[in-house]
Amino acid sequence: MAPFSYNATDHLALLPPILMALFACAIMLLDVLSPSAESSRRGTVFFSLLGMTFVAYSLALQIRAVTHAPGFAIPAFQGSLIIDALSLFTNGLVWFSTVILLLCAYRYLEIAHEHRSEFYALAFFAECGMYFMAGAVDLIALFVGLETSALAFYILVGFTRANRQSNEAALKYLLLGAMASGFVAYGFSVLYGISGSTQLSEVSKAVVRRGSADPFVILAVVTIAVGLLFKIAGVPFHTWAPDAYDGAPTPVTAHIAVASKVAGFAVLIRLLLGSLASARPIWAPILAVTAVASLTVGSIAALTQDRLKRFFAYSSIAHAGYILLGFLADSDDGRRGILIYVFIYALMNLGAFAFLISLRRPGSAADRHTPGDLIGDLRGLSKRHPLQAALFVVLLLSLSGLPPTAGFLAKYFIFIALINTGHITLAVIAAAYVAVSLYFYFRLVREMYLLEPRPAEQHTVEPLASSLGIRLALGTTAGLTLLIGLYPEPLLRLAFLVTGGVP
Amino acid sequence: MPHLLSLVLFLPLAGLLAVLAIPTTQWRAIRLTANFFSLLTFLASLLIPAFFHIGVPGFQMVERASWIPTIGAQYLIGIDGISLLLVLLSTLISALAMWCSWNNASERGKLYYAMLLMLETGVLGVFLSLDLFLFYLFWDVVLIPMYFIIGIYGGPRRSYAAIKFFVYTLLGSVFMLLGFLALYFQYAKQFGVYTFDLTKLIQVTLDPAIEKWIFFALFLGFAVKVPMFPFHTWLPDAHVEAPTAGSVLLASLLLKMGTYGFIRFSLPLLPRASMEPWIVNLMVTLSLIAIIYGALVCLTQRDWKKLIAYSSVSHLGFCTLGIFALNQSGLSGSVIQQVNHGISTALLFLLVGFIYERRHSREISDFGGLAQVMPAFATVFAIAVFSSAGLPLLNGFIGDFTILSGAFAVNRIWAGVGVIGLILGAAYLLWLYQRTMMGPLKYEANRFLSDLSIRERLIVFPLVILAFAIGIYPRPLFEAVSSPVQEIVERLNSVRF
Chain A
1 MAPFSYNATD HLALLPPILM ALFACAIMLL DVLSPSAESS RRGTVFFSLL
51 GMTFVAYSLA LQIRAVTHAP GFAIPAFQGS LIIDALSLFT NGLVWFSTVI
101 LLLCAYRYLE IAHEHRSEFY ALAFFAECGM YFMAGAVDLI ALFVGLETSA
151 LAFYILVGFT RANRQSNEAA LKYLLLGAMA SGFVAYGFSV LYGISGSTQL
201 SEVSKAVVRR GSADPFVILA VVTIAVGLLF KIAGVPFHTW APDAYDGAPT
251 PVTAHIAVAS KVAGFAVLIR LLLGSLASAR PIWAPILAVT AVASLTVGSI
301 AALTQDRLKR FFAYSSIAHA GYILLGFLAD SDDGRRGILI YVFIYALMNL
351 GAFAFLISLR RPGSAADRHT PGDLIGDLRG LSKRHPLQAA LFVVLLLSLS
401 GLPPTAGFLA KYFIFIALIN TGHITLAVIA AAYVAVSLYF YFRLVREMYL
451 LEPRPAEQHT VEPLASSLGI RLALGTTAGL TLLIGLYPEP LLRLAFLVTG
501 GVP
Chain B
1 MPHLLSLVLF LPLAGLLAVL AIPTTQWRAI RLTANFFSLL TFLASLLIPA
51 FFHIGVPGFQ MVERASWIPT IGAQYLIGID GISLLLVLLS TLISALAMWC
101 SWNNASERGK LYYAMLLMLE TGVLGVFLSL DLFLFYLFWD VVLIPMYFII
151 GIYGGPRRSY AAIKFFVYTL LGSVFMLLGF LALYFQYAKQ FGVYTFDLTK
201 LIQVTLDPAI EKWIFFALFL GFAVKVPMFP FHTWLPDAHV EAPTAGSVLL
251 ASLLLKMGTY GFIRFSLPLL PRASMEPWIV NLMVTLSLIA IIYGALVCLT
301 QRDWKKLIAY SSVSHLGFCT LGIFALNQSG LSGSVIQQVN HGISTALLFL
351 LVGFIYERRH SREISDFGGL AQVMPAFATV FAIAVFSSAG LPLLNGFIGD
401 FTILSGAFAV NRIWAGVGVI GLILGAAYLL WLYQRTMMGP LKYEANRFLS
451 DLSIRERLIV FPLVILAFAI GIYPRPLFEA VSSPVQEIVE RLNSVRF
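Heads up: the protein sequence lines correspond to chains A and B, in order. Residues in the first sequence are numbered consecutively from 1, following this note's numbering. Residues in the second sequence are numbered consecutively from 1, following this note's numbering.
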């Protein structure tokens, strides 16, 4: 074992998480020191955004360094962390999701009377964990990253303390999440056992040496795959998702649906397409079944939901199914398809959730549900808020995969990858579910545009709980969704660049 | 003029942006802007024939620009005789459909006109695209505005009809996309280049089994759109529930996208599969079923608009019959009949719309003897009915006759069944006319119906003139389509074993 050293490269690799952790601590300290007035909490939002600017700068430094590095990758900490295209791609998306979270959350939390600084600290801690998920090439660092982000998320899900559903969701998420972590930890320990090293490069060699018929390799790959499929909510490991999505404060739901999933897929890419690539015969069938089951269960369950966030939980399960199909296409097209899909998925879901956040209005205590929870709450929105409704339609078109929006390209590249690698049956199944997804997404359009508002609601025209942050988030995401749909060339170039660099 | 086609294609889109820029409350300005832009598009499209050289093979006025080089998709548009006719039809019908909603405009007009303009660009894009990726984009873009037009401004069952139309056609079109992708990969395998360029893809030689699979993938997309039997079930719902402009655009233009797809893509790209005897027999059988079945269903209809909707099933059956006769006469007849059907069915739907605005009923039994109170309406309706039924001297006859002579050359039974369809067509149309226009005035409520207004007369006027013009002197149409059709037939013959 080399003696501990800390050089410039290590510093570069560690700079973003250091900044995140420092800002998280500073936010908590400031909260103690400053008088707890509403105004200071708005100040926290700006302070957090300042922190995100620093993080962005540190990531930009990494990007600049990587473009000059041999092989577009910079290993650090004796090969336990890496800065490469995949890590930067993932961190960029996680960063974007966190910014959207910061922009959208304050209005929501104020309405729930839970606007406290810990929320922002936890957001930074979660991002810190996800940074390690994206960049770790060592089993221990990877596991620590998984757990750090998960812990922050468990608390965030239960952040609205007075809300029973939020508490219940947090507990469910914690219990099932812990079980998933257990699976992953078990799989990692077996990998360590067969390779004698925690480094992924060594693990990879050991797996190749033992072959994919080796019982220990099978055990490790199966448990790891199951644990990670829990994280990204693939069927049949999805049961936590509808409850957690529904109970969590909506900004947190968005963050789980996007950032957590993006990081989860980064780990899947790093492991399954990287060091466990030679074990494809073991994990491919698991992923195939999960993908098709996710498409089916997600699409069919979304048809019957009344609650918006449960609806989006199931719809994002269906999206996970599409992304998993990309893993089955063993080609550059497949890897590219995954990345493009993940990127566009993040964009359009953030927009959709920003819109959902603006639906939340103070509800009377007598109400069984708070306004903005049900699909029926969308009714007649096109008349009251035509612009927001129109932007939401753009996002829904994208989510259902229609041109000229980005969502079409996401599905297009999955189809391309499947057809090019001869998975015609899977391509046909995936194509058929596009029509189903159109049907369930357009239930929302129907509520907004086609159905007349209920007589009682015509008089109480309540404004959306919109804020500058939400408008900014909604406008940016919907605009980008359309722009990428019409001119995807820059994104495609990025994807080509990234797929060149997965180790 | 260098970018004339792009100008025609994007003028409605510019109109859409202009409409969006006007505040919702200024609905009169919105209405004016939308009508202005669609009229401008029509006038611009009239310039195309001036720069178009009839008889020159291949595509003309081609515009090519790099768009998504990483996947080989380009902005590639061009025109030949077939698309020329359909483009002119599209701009004319769009302008008229826009105008026919003049009195219904209101506070909700903004979205309505925006959607109509988006639809126009979509339809024109479908007829102009020479790049499969671009084609697919426009193909799907058409669905979105139509969903809103039916869903918001339609009849009582609009919500159901709109989503049924949307899901049904999308399901067909995603399979069409898979077919396109398969073609794209087959080409890349042989030539090492990824491209969606139609003029290049045509060079690919396919394994017969793969070619058949691709044919059926494309078939699903086109057949739902036409619609061919048994994929027609969305049609009566969508047509009946749609507002008048929506029905006109659906029947006149959107259905032609399907038949156009067969002619532009299936036949030239997949000639062997298109000539495979069992596939031809299947296609012709489905067409003949559509002709007879559509006509029989029309005979039983009590709803005026539904009858016209089902008549489209029957008439489009003729168009697909002509296509799969696979000879010069059948194909030219099919293209010309598509134009004719666009004209006559637009007239019929417009007239039903006019009546519905006055009487708020479409039950055939609510009418009778209207000729007494609405002589001008009855005259135009008579022309529309005769044109649709295929009476000589009117446009419908030319198309039907050419298609049937094409079918007769291949198989006498096909032509025989087609003739039965024609007779049934005349029967249901004339019977409709008799029940609504002739005889004594049955109901007092109809006594004070006003005749066609100046605006309504002006809207139907160009269509009536065209119906006569094509019926009396169809030569320009035949000249326009003869060269592209000949190319397709030659392409088919070149692979005949």
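Don't read these hints as lab results, they were simulated from the structure. It is possible that some hints are incorrect.
What the hints assert, rightly or not - Computed list of chain B residues with no C-beta within reach of chain A, every gap over 10 Å:
id	residue
1	33
2	60
3	391
4	445
5	468
Said to hold, decoys possible - Now the in silico label distances, taken between C-beta atoms and shown as ranges:
id	chain 1	residue 1	chain 2	residue 2	range
6	A	468	B	185	56 to 62 Å
7	B	200	A	42	55 to 61 Å
8	A	425	B	50	50 to 56 Å
9	A	42	B	106	40 to 46 Å
10	B	185	A	284	44 to 50 Å
11	B	200	A	425	27 to 33 Å
12	B	419	A	425	40 to 46 Å
13	A	479	B	379	34 to 40 Å
14	A	300	B	361	36 to 42 Å
15	A	43	B	103	28 to 34 Å
Claimed, not checked - Residues from chain B that face chain A, not an exhaustive set, calculated with beta carbons under 8 Å:
id	residue
16	70
17	74
18	136
19	137
20	141
21	148
22	151
23	152
24	158
25	175
26	452
Idealized CB from N, CA, C, for every residue including glycine.
Hint check:
no.: 1; hint: 33; verdict: 17 Å, holds
no.: 2; hint: 60; verdict: 26 Å, holds
no.: 3; hint: 391; verdict: 41 Å, holds
no.: 4; hint: 445; verdict: 28 Å, holds
no.: 5; hint: 468; verdict: 40 Å, holds
no.: 6; hint: A:468 to B:185: 56 to 62 Å; verdict: 47 Å, violated
no.: 7; hint: B:200 to A:42: 55 to 61 Å; verdict: 59 Å, holds
no.: 8; hint: A:425 to B:50: 50 to 56 Å; verdict: 51 Å, holds
no.: 9; hint: A:42 to B:106: 40 to 46 Å; verdict: 43 Å, holds
no.: 10; hint: B:185 to A:284: 44 to 50 Å; verdict: 22 Å, violated
no.: 11; hint: B:200 to A:425: 27 to 33 Å; verdict: 29 Å, holds
no.: 12; hint: B:419 to A:425: 40 to 46 Å; verdict: 44 Å, holds
no.: 13; hint: A:479 to B:379: 34 to 40 Å; verdict: 52 Å, violated
no.: 14; hint: A:300 to B:361: 36 to 42 Å; verdict: 41 Å, holds
no.: 15; hint: A:43 to B:103: 28 to 34 Å; verdict: 57 Å, violated
no.: 16; hint: 70; verdict: 4 Å, holds
no.: 17; hint: 74; verdict: 12 Å, violated
no.: 18; hint: 136; verdict: 7 Å, holds
no.: 19; hint: 137; verdict: 4 Å, holds
no.: 20; hint: 141; verdict: 6 Å, holds
no.: 21; hint: 148; verdict: 7 Å, holds
no.: 22; hint: 151; verdict: 5 Å, holds
no.: 23; hint: 152; verdict: 6 Å, holds
no.: 24; hint: 158; verdict: 7 Å, holds
no.: 25; hint: 175; verdict: 6 Å, holds
no.: 26; hint: 452; verdict: 32 Å, violated
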